[in-house]
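Trainee: The primary structure of each chain is shown beneath.
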Amino acid sequence: MSAATTTGPTRTRGPLAELFLGGGAARRALWILVGLMLLLSVVRVISGEQALTSASTFSTALLLAVPIGLAALGGLFSERAGVVNIGLEGMLILGTWGAGWAGYQWGWAGAIVGGILFGVAGGLVHAIATVTFGVDHVVSGVAINILAAGIVRFLSELVYVGNELGGGATQSPALSSRPPSFSLPVLSDGPDLLGDLADQGWFLISDVAGLLRGVTSGVGVLTLIAVLLIPISYVVLWRTAFGLRLRSCGENPAAADSLGVPVYRMKYIAVLISGGLAGLGGVALVFVANIFKEGQTGGRGFIGLAALIFGNWRPGGLAAGAGLFGFADGLQLRSRTAVVALLLLLALLLLAVAVFQTVRGRYLQAVLAAAFAGLSLVGFLTIDELPTGIVSFTPHLTTLLVLSLASQRLRMPKADGLVYRRGEN
Amino acid sequence: MTVLRRIGSALFAPAIAVVFAAVITTLVILAIGENPSTAVRVLFDFGDTPAQQTQAIVVILNRAVPLFLAGLAVSVAFRMGLFNIGVEGQYRMATVLAAGAGAAVSLPAPLHVVFVIVVAMLVGAFWAAIVAVLKVTRGVSEVISSIMLNFIALGTASWLLTGPLRGSEEGAAIITTKDLPESGQFPGLNGLFDLVGLAQPRGELYGFLVVALVAGIAISVLLKRTRFGFDLRATGLSASAATASGIDARGMVLKTMLISGAVAGLIGLPDLMGNTHHFGTEFTAGLGFLGIAVALLGRNSPLGIAFAALLFAFLDRAAVPLQFADIPASVVTIIQGTIVLAVVIANEIARQLTRRRAEGETGQAASPAPESPPTGPAGTAGSRIDEHQGAGA
Amino acid sequence: MAEQPAGAPADTGTGNVPYAVELRGITKRFPGVVANRDIELRVRRGEVHAIVGENGAGKSTLMKTLYGMHRPDEGTILLDGRETTLRSPADAIAAGIGMVHQHFMLADYFTVLENIVLGSEPTRGGRLDRATARRRIREISERYALNLDPDVLVEDLGVGDRQRVEIAKVLYRGATTLILDEPTAVLVPQEVDELFGNLAELKREGLTVIFISHKLDEVRKVADSITVIRRGTTVGTADPRTTTSRQLAEMMVGSELPSPQTRTSTVRETPVLQLRGLTVASPGGRLVVQDVGLTVHEGEVVGIAGVEGNGQAELVDAIMGLRPLSGGTVLLGDQDITAWSTRARREAGVGFVPADRHRQGMLLEAPLWENRILGHQTRPPAVKGPFIDRAGARADTARIMREYDVRAPGPDTLAVALSGGNQQKLIVGREMSSSPRLLIAAHPTRGVDVGAQAAIWELLKDARAEGMGILLISADLDELIGLSDTLQVMLRGRLVATLDPGSLTPEQLGGHMTGAHDAAGDAA
Amino acid sequence: ASDEDDNGSSASGGSDGELKIGVAYDTGGRGDKSFNDSAIAGVEAAVDELGGEIEELSPNDDGSNREELLTQLADAGYNPVIAVGFAYGDIIGDIAAEYPDTEFAIVDTSVEELGADNLTGLVFAEEEGSFLAGVAAASKSVTGHIGFVGGSQSPLIEKFEAGYVAGAQAVKPDIIVDVTYLSPAGDPSGFGDPEGGKVAAQGMYQAGADIVFHAAGGSGEGVFEAAVEAGQRAIGVDSDQYLTASPDQQAVIMTSMLKRVDNAVETFVTDFAEGDLEGGTDILNDLSTEGVGLSDSGGYIDDINDVLEDFRQQIIDGDIEVPTSP
Ligand SMILES: Nc1ncnc2c1ncn2[C@@H]1O[C@H](COP(=O)(O)OP(=O)(O)OP(=O)(O)O)[C@@H](O)[C@H]1O
Ligand SMILES: Nc1ncnc2c1ncn2[C@@H]1O[C@H](COP(=O)(O)OP(=O)(O)OP(=O)(O)O)[C@@H](O)[C@H]1O
Ligand SMILES: [Mg+2]
Ligand SMILES: [Mg+2]
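Protein chains in written order, with the numbering used here: chain A, 169 to 593; chain B, 723 to 1115; chain C, 105 to 628; chain D, 1093 to 1418.
Keep in mind that the hints were calculated from the coordinates and are not lab data. Certain hints may be false.
In silico lysine-lysine, DSSO-like type, Cα no more than 30 Å apart, as pairs [said to hold, decoys possible]: (1) C:K307 / C:K325; (2) C:K325 / C:K565; (3) A:K582 / B:K900; (4) C:K488 / B:K946; (5) C:K319 / C:K565; (6) D:K1264 / D:K1232; (7) B:K977 / C:K488; (8) C:K319 / C:K307; (9) B:K977 / B:K946.
To spell it out: a stretch of chain B is covered by chain D in this simulated footprint if at least three of its residues, at any positions, have a beta carbon under 8 Å from a beta carbon of chain D; those stretches are [claimed, not checked]: (10) 881 to 887; (11) 1002 to 1009.
Bear in mind that the values here come from a model prediction, so they are computed numbers and not experimental data. The beta-carbon is built from N, C-alpha and C at its ideal position, and this holds for glycine as well.
With the hints as extra help, turn the sequences into a complete structure.
Mentor: Written out as structure tokens, the structure reads:
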């Protein structure tokens, strides 16, 4: 096999690397997924922790990933247009309130609209502050987070206290109708072929079946929307003229302005979309419990921001970030013993890193990785169950570990976070 | 003339902000059918008896001290373009370990106090250093790592509290560490009230106020007057120019985070050493996040942060009396959020007005000195949370 | 054309054809500065019209007015004789005006195609029609010999290519009037020739070109008419065929056209800088500097010629300690400084004038006196012990402003408010003030007007005479040939030729730089 | 305070004077649908009976001004002052000492050791009620597999768990009980995280559990949702959650473990008004006082009433010692 076909503008790879790394992002993502499933299967078989790859784990991962992913998508739009959005948490909070308020009156469809509108309102404040007044993006975002908490409590006191349908200062009445959910016929419903397969405990096959069943059965309408929004966002941002203009505002607004792109208007639109998506994330949270409950966002807006950066400001990447977080979070809530099995996974990963670094001649890194691999292995072998305090941060630690192990080639939009004032640059 | 004008334009922005926040708050209070003037009265009504009045001052100051420290910690990192959302976790880890360590040793009073402070600063610095090391060696964005480390700190502190550092007996509703012995407690400042002839308040004014002042002055001098501070600010203004000038950007990330974390380590100490004497499940949380708002409101300058912290504390104090007046306490949160927004918007408006006026003057005179707008580098330094992803690699 | 604008005098161009562009009495004020005062400009259709003037004269400001980027405070704009109000660049584009900015207006992470079509994208069914865009860009590229690949990232392009992308952007929008703000500042002669070829092509097609340059020879070569601006106002027009560069310069600044000729050799025996086998790899692993060996002696100027992107920037970074080496050693005097930090190198007497002053040379948001400290944080007069000496730094900034003719209100002015030339003078002044043994000067006069250029050249010569070793990287071949004692040519990361500047024309040098002379073997 | 030495304010708190009751809530304040609401319901019931006025105050989000709430209520002449929630436990001793003329009560915290005779602890035997919940769950479980979802892993919630597990095992010694806490001690987020509650309960149902008991405050909403989706049952906590639930949820809320904060508070206020208050002691609300118990709305547990009654009696009689920690 001759490596004559040059792939990247900068690097040439060997044939093996080409097989794994070539062919664009989609193929790479597929390989990573396959590798991960393989690893998970191995760990499951060794540790006997069926929860690691069960259908329910994956469906939980999806459920937990949705609000985070939506918040991150919201961040994507605004940051691609150059507006840093620390206010995602606040917009998420507004979204939950809007969903609860509209939902108890007009049902689930109303909740979706209400949540989006409230999120958009948050976005509007952010846009006015950052775009029109040129306020520092972080300041505005932080202020919105504070404001949102206050407004939501205030509104609840105003609307729900003494409401005969229920609700109170910290929660809304229940939604008046439940959102529908879907399953793939035959495969994950009725005969449930995938489910049967998943229960067999076969190496890899059952694990993959678990994954597939997990993400195809009992999927809520909002989960469906969220999953669809990932490719839609990609198409909108990268394949349309609108997206190109929007992104140009985040890369070089002066250039965009000089070509007649209405920079301020684009930024406004982007931040409003951002608020709407974050608000939708709030709706997802409300759908889970069927009511609005104060504090229900639990910092997921920040996690969404982290997922956005994790995903290198790209829809696929942020989905992966949200998914990873959701998976670890689900596992943590479901099975404390399965968390211990993650130590084995970590040991294997670190071992791979050690081998890789040895090959590359970086012995210090190799030794370090090997040492930590050993530690993880010892941990796996000796620990039965971790205390709640430690288990509780499994998803956060996992995210951090993945980030520190993966090589970072993050590239934020070049003018992200910079206040653009016409004629001043 | 120019001095007057400068003062005028310096006060202009806060004035707009106050008006703006007042308008919003008035609307909010009207919306619930209460009288806004009541709210104003309550805000400034410190009580009937002299003791109540001094107590209100104590409450404000005691609240302002940790807020100030939190703002200071955040601002140091901001000054070099690092967004340290991790102050929350840093102070939590610092406080639990300082409480544990402080209760475990016995030392003579001043040494014991110093010991607790040093432990807290070291732990805070260590927790922040994780962020810095990950950024410098692995290129992990400090925003993500500090968010994650906040949660990790929460879990770890909980584990420490329920496990190795548990001091309260089994079954007690609140789990705490052991109490700091007398020698490890920070004496209050109530003597001051006698000195200036004010009534003794009910509570105790945190002696830690002094430490906070010292920290504020130290940071201020460090940033404005020293080479190190110059390097730090230069890195914040332009990482590439700083590197070319010989500043070791990676080293600066580490050093700045160490300082930021060390200051963050102090946040929990006023409460720990002056009031509760132990860390527990009910220990005040969330100061790290408030610190971000305070730092931004104070425009990352120690003096500004002091004012911002006092403002926040002043509003917080009103939360109780407002409820007596049947105005919900959430109004306070709304005022705080609105003020942060209003102040920054007002700053921008003031900036633009100053500019326009300068332009007007240029019409007649050929080349007057262009008066730089009030947003100095201090104001904009915080805005740069970008561009540093690659700084390490 | 149809109607004469009200009050228009009868002197509208030759044969009553209205001017393509006419600016009347344009005044533009910025806070504290009147950038343009009562400017007049008349450009005929189908001509190449040059605008010259010293730094900060107001050229860019005037062109931005014409491109709708800001509104003039006074005055009118006439296009083809019709009074026009330009509210935004979009209006200007619609009126057939395109502008290539002094600083490239390109999004680095976008492809060439995306940069070009932005704002007037072809779409099909709501989606960006890349195929059509690609086809049209190829067409333009071929027609005007721009040689562009639509699908590469702009980030990966050299300056020459970027410039052509900018031109393609304008042409893609069907502009009939092109504004080029200092297009040649960053190009080598071959590229300049290509550009002028392109301009000739445009002219033949009936397009009007307005172009700004500080290189007066160039201006005379390519322009059909010239407008000279001084301190924000028009001082006159000139005919390039009958006006000499000297006369032009005198119109601009009232000084003589400087010459970069070095008079006598001052090269001494002792080497100040020796590079041995210097090799630098890019983060991607590609060798961008390969096995470079080089010596700079005291009192010697070693010039490095090369088309941009051939490793000069990396070489400079490596010498300054800003980039890790993958091989080789750097000696300063007889000390091995390979493992030293940038700061240690600066303290040991290395001065540095970076190529990109905005990125590496200044803190734009900081006052001038703080910029004086930058890079000299450990030395007086900026510091006392661990503390900053504000008074000392201010006083010394005032000195530099005086001695180097930095035009700014005072040491407390923010650096961003200075024009590029003045920023550059401040940087040079700062680096000189610590009397370094070795000065790394990358494009020290880029974008600097003739007066300031002369001043900087004089400074470099004086410093050289006093024994400073200078490593000069420049794209200005006259400057390289005139100042250098030895010339090295850099191509694809290697030093491929050592030339004697005494007997070299810019054309020959250009040949070496592009590799045309590689085989000839006239390397010493 | 019947035999209060000085008669200043206790007289005003006596039967003739106007009652001024101060309530300091736990974070969340009024309208939390949980024990803040329960407490105020008790106060209001007492006021309906006796007349008087109520002042309610909520702490700020981080709870840093709790001290202020109590002292300002006392300063403003409110008496008695009721602190809702154990979070006040750290400070209330000092404040009671500082205001000897004001009668204080604190919910969920024992005050025996504080030695302030103007302070009453309103404590509950949550483990006993939870024991019955465990009995009910084990008796009704078909799969022999049940679950418990706790909010934050505090000693208080662990009491629920301990009683529940003991009760279940008393019926079926080999029963499987899944236990999950949503957040560790010191992190109150587990009480306001319905998503977490749902995920945790879902996991239990999918693993074969058919009844899940929650002591997770607002997160319980998620537990009920999980039960609705799985078609299984759940047990509520604190109040009779059947009464406030939506119809779908009513179908799955088998019973609720009642913790009658309202009764305890009402009794306290009435005792105070009538001068029957002892002070300085805890008032234990357990099965015998009906301070804890099981609700029977919906009639789902009517069939096992005998079993429940049997265990209740054994506990009251002291035949069964219910553990308070797991
Ligand atoms: N946006 C602005 N705000 C304030 N001052 C400005 C602005 N733009 C230009 N100026 C000032 O106007 C004057 C003219 O600047 P301009 O850029 O037009 O000069 P120039 O002739 O293009 O100079 P150069 O040859 O250096 O490019 C300078 O003093 C500059 O500082
Ligand atoms: N906010 C501002 N305040 C004051 N002056 C400004 C401001 N923004 C830009 N300028 C000045 O406006 C002029 C226009 O910028 P331009 O793009 O022509 O850069 P330049 O600095 O002249 O170019 P070069 O660095 O290549 O010589 C510059 O002189 C710049 O210093
Ligand atoms: Mg210019
Ligand atoms: Mg210039």
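Trainee: None of the hints should be skipped; say for each whether it holds.
Mentor: Against the structure, the hints:
1. C:K307 / C:K325: 14 Å, holds
2. C:K325 / C:K565: The hint holds at about 29 Å.
3. A:K582 / B:K900: Violated, because 51 Å separates the two Cα atoms, which is more than 30 Å.
4. C:K488 / B:K946: 14 Å, holds
5. C:K319 / C:K565: 21 Å, holds
6. D:K1264 / D:K1232: Holds, at about 11 Å.
7. B:K977 / C:K488: Distance ~21 Å between K977 of chain B and K488 of chain C Cα, so the pair holds.
8. C:K319 / C:K307: Since the Cα atoms of K319 of chain C and K307 of chain C sit roughly 21 Å apart, the hinted pair holds (cutoff 30 Å).
9. B:K977 / B:K946: 16 Å, holds
10. 881 to 887: holds (count 3)
11. 1002 to 1009: holds (count 8)
Hint compliance for this structure: hint 3 alone is broken.
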